[in-house]
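Undergrad: The primary structure of each chain is shown beneath.
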Amino acid sequence: MSGSVKIWLASSFMLALTAAPSLASDRPFNLGTMATAEEVAGWDIDVRPDGLGAPVGMGTAIDGEEIYAERCAACHGDFGEAVDNWPILVGGAGTLDDKDPVKTTGSYWPYASTMYDYIYRAMPFGEAQSLSHDETYQIVAYLLYMNDIIDDDFELSHENIGGIEMPNRDGFFLPDPRPDAQPANGEPCMRNCDVPINVIGRARDIDVTPDQES
Amino acid sequence: MKDDKTLNTTLSRRSLIGGAAAFGSVGLANAAFGTTSNPENLPPNVSEWTPYLGAGVDANPYGMPSPYEEHVIRRNVEWLTASTESSVNFTPLHELEGFVTPNGLCFERHHGGVPEVIPSDYRLMINGLVDRELIFTLDDLKRFPQTNRFYFLECAANGGMEWRGAQLNGCQFTFGMVHNVQYTGVLLKDLAREVGVKPEAKWILAEGGDSAGMNRSIPIEKIMDDCIIAWAMNGEALRPEQGYPARLVVPGWEGNMWVKWIRRLEFGDMPYMAREETSKYTDLMEDGKARMFTWVMDAKSVVTSPSPEKPIMQKGVHQIRGLAWSGRGKITRVDVSLDGGRNWQTADLHGPILDKCLTRFTMPFEWNGEEMLVQSRAMDETGYVQPTIDALQAERGLNSIYHNNAIATWMVNKDGSVDNVRLG
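So the sequence lines, in the order shown, correspond to chains F and L.
Position one of the first sequence corresponds to residue 1 (this note's numbering), numbered consecutively onward.
Position one of the second sequence corresponds to residue 1 (this note's numbering), numbered consecutively onward.
Be aware that one or more of the hints could be misleading.
Stated by the list, open to error - Which chain F residues face chain L? A few, computed with CB under 7 angstroms, are given here:
1. Thr33
2. Arg48
3. Gly57
4. Met58
5. Tyr111
6. Ala184
7. Met190
What the hints assert, rightly or not - Below, simulated BS3-like cross-link-like pairs (lysine-lysine); rule was C-alpha separation at most 30 angstroms, straight line:
8. L:Lys142 - F:Lys99
9. L:Lys310 - L:Lys280
10. L:Lys330 - L:Lys310
11. L:Lys142 - L:Lys330
12. L:Lys202 - F:Lys99
13. L:Lys330 - L:Lys315
The set of hints was computed from the structure by calculation and includes no laboratory data.
In this text, a Cβ means the ideal position worked out from N, Cα and C, and glycines have one as well.
The whole structure should be built from the sequences, with the hints applied where relevant.
TA: Here is the structure:
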C-alpha cells in the first residue's frame, strides 16, 4: 500500500469520525461539474437595478434611432406608439391613476436596468440575444430619450445604467402580507346574506367569446 | 327567445364536435350528450361495435382519447394577444373529473413559443453567491433524491378579463388558466446544498432557456421550503409546452414564476427586478401605485357544471361539480349558493385533499326549470375566505388585472342554458 493511499484512507477515516457533518454539508451528492468562468459569462446575462451584471458597452439615443427603426419599429412603431396589439413603449406619463392607464417603459417601468435585461435577453421577438451590447445600450437610450428621461446625446453605459432615475421608481410597494377583502368577522355569511342579486352584466351580450367549434 | 336560440346552437355544435360528421352517425354523437340515440345500437339489439374485431394493440402506440372526445381541448382567445407564441390557452375544466389534469390539457402560457430542447444538450447552471458554480445534466438531476408531489399551477392573470364585468361566456375562458399535476423532481434545497449557498444570498433568479429568457426573482425562504426542479408530470416526461426537459415548481405561487425550460439559477443578495416582476405581474391600484411581489395565489373555486359550456338538459336531480384550490394550503370547505349568494350550503369535498392542490367538490341539487344564480366560495386551512368581486374591487380598484380570485356567478336560465353574469 503506497503512502499516499494510506494518507487518503487515514484522512477519510478521520473525516468520517470527526468531520462527517461538515463534509456532508460541503457537497453531499458530488453531482454536476464545476462551471468555468467562460461558461458562466455566456449564460449570466441578467442586469440588476444597481447595474450589477451590465456588460461593458455604451450607446446614445442618436445612435439608437436607426437600430430601433430597423429591429424594433415593425411591432412597436417608429415612436414606441405600438402597432396592433404589440406593447406600447413610449408615453403614458400621468395616466397610472386613470380609468385606462397606459403602462410604458417611461410611465411604469421602475428601472432602466430592466429594459436592458429584457431587450437583450428576449428582443427582437423571435431573434433573442442577437443584439450586440452596444446596440442594446443604444436602443435603451433611444427609449429613455423618447420618454423624456435622458437627452439624445447621453452616453448610456454599464457605468451609469444603474443610476438612471425612472419616473415611476417609487410607484411600487409591498402589500400588507395579511389577506385583503375578508369578511369583517372572519366568518362567511350562510343565511339571508345581504348581497346584490340583480344581473347587471352578461358575458353573452358583450359577445367576445370565441366560437367553440373545433 | 334568445336563450333558446343559443342553447340550440350549443347543441348543434356539440353534435359536430362529437365526431358526427367524421364518423357518419349523428345518433352516436348525440347519445354521448344524452339526447337522441340510434335505436339499432340499444337493447335488445346488438350494438354495431359488438360483432366485429376492433383495432389491435399498437394501433395507437401512444394512446389518445376517443374521437368522440375531440372537443375536449385547450382553447385560446385570439384577440387577447398579438401572437400565438406569446399567448395563453385555457384548460377545459368543465370537461374534467377528479383533481388531476391530463398532460395534454394543461393550459399553456408562453412568452417566446415552445423551444425544442434536446435533452442530451440540456444543462442547468447554478451560479452567483455559492461556494461552487455547478452545471448539471438531466441525468445528474435524476440522481438526486427524488420528490413526487401534486400541485396546482395557476396563472396570476386567470380571470383577469373579468375584473370589470362578465366578459367571456365560458368556464374554460374565465377559470382555465389553472392545472393540477403530479411533479417528479429534485427539491431545490438539495441542489442548494450541493452548490453551497453563501450566507449573504437572499434571492434567486430563475431563468429559462426559451426565446423569452423568462426570468423571475424568488426569495430564498421559498427556495429552501418546497420548490422543485421537475422533469416529469403525471408520471411521464414534461410535455414540451410545460417546460421539457425541466421546469421550476413554486408551489402555491403565481404560475409565471414556475420557469419552464429552466437553464440557470443565480443566487444573489437582492431581487433582480426583471420585466415580469415590474412591468408585468404587478397589481396597479386606483391611486396609481402598484403592488409588487404578490406571489401567493389566494383561495378560489369554480363551478364546472353547470356552467356556460355545461347547460342543464333535463329537470330533476343533478350534481353541482367544481374545483377549489389555495396557494396557502389545504382547502377546508366549499360553500355553494343557488340564489346569488343569499343562502349557502356546504358542498362535499372529495379526497385526497392535498396542500396547494385542486380539490374536487360536489353538491346534489334538483332543478325544476327555475332560474338559478350559482356561486361557489372556497375556504382554506388558514381561515381565508374567497371574496366577492365587490369586496375585491373595493380593495384593489379596477386596474389590477392579476389575482382575481373573486366568486363568479353562473346564471341558469329557464331553458337550462347558462350565462356568465355579474351581479350588482
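Undergrad: Given the proposed pairing of Lys330 (chain L) with Lys315 (chain L), does the C-alpha separation stay at or below 30 angstroms?
TA: violated (35 angstroms)
Undergrad: Going straight from one Cα to the other, do Lys310 (chain L) and Lys280 (chain L) come out at no more than 30 angstroms?
TA: Not satisfied, since the Cα-Cα distance of roughly 33 angstroms exceeds 30 angstroms.
Undergrad: Have a go at the Met190 (chain F) hint: is there a Cβ in chain L nearer than 7 angstroms to its own Cβ?
TA: holds (5 angstroms)
Undergrad: Does Ala184 (chain F) meet its interface restraint, that is, does its C-beta lie within less than 7 angstroms of any C-beta in chain L?
TA: violated (10 angstroms)
Undergrad: Using 7 angstroms as the Cβ threshold, decide whether Tyr111 (chain F) counts as touching chain L.
TA: holds (5 angstroms)
Undergrad: Between the alpha carbons of Lys142 (chain L) and Lys330 (chain L), is the straight-line distance 30 angstroms or under?
TA: holds (29 angstroms)
Undergrad: Keeping to a limit of 30 angstroms between CA atoms, is the pair of Lys330 (chain L) and Lys310 (chain L) held or broken?
TA: The hint holds at about 27 angstroms.
Undergrad: Has the given pair, Lys142 (chain L) with Lys99 (chain F), been kept, meaning a C-alpha gap of at most 30 angstroms?
TA: Roughly 50 angstroms between the alpha carbons, so the hint for Lys142 (chain L) and Lys99 (chain F) is violated.
Undergrad: Does Arg48 (chain F) pass the interface hint, meaning its C-beta sits closer than 7 angstroms to a C-beta of chain L?
TA: With a closest approach of 5 angstroms, the Arg48 (chain F) hint holds.
Undergrad: Keeping to a limit of 30 angstroms between CA atoms, is the pair of Lys202 (chain L) and Lys99 (chain F) held or broken?
TA: violated (37 angstroms)
Undergrad: Min Cβ distance, Met58 (chain F) to chain L: is it shorter than 7 angstroms?
TA: Interface hint status for Met58 (chain F): violated (22 angstroms vs cutoff 7 angstroms).
Undergrad: Classify the hint on Gly57 (chain F) as holds or violated, based on whether any CB of chain L lies nearer than 7 angstroms to its CB.
TA: violated (18 angstroms)
Of the numbered hints stated above, those contradicted by the structure are hints 3, 4, 6, 8, 9, 12 and 13, listed in ascending order.
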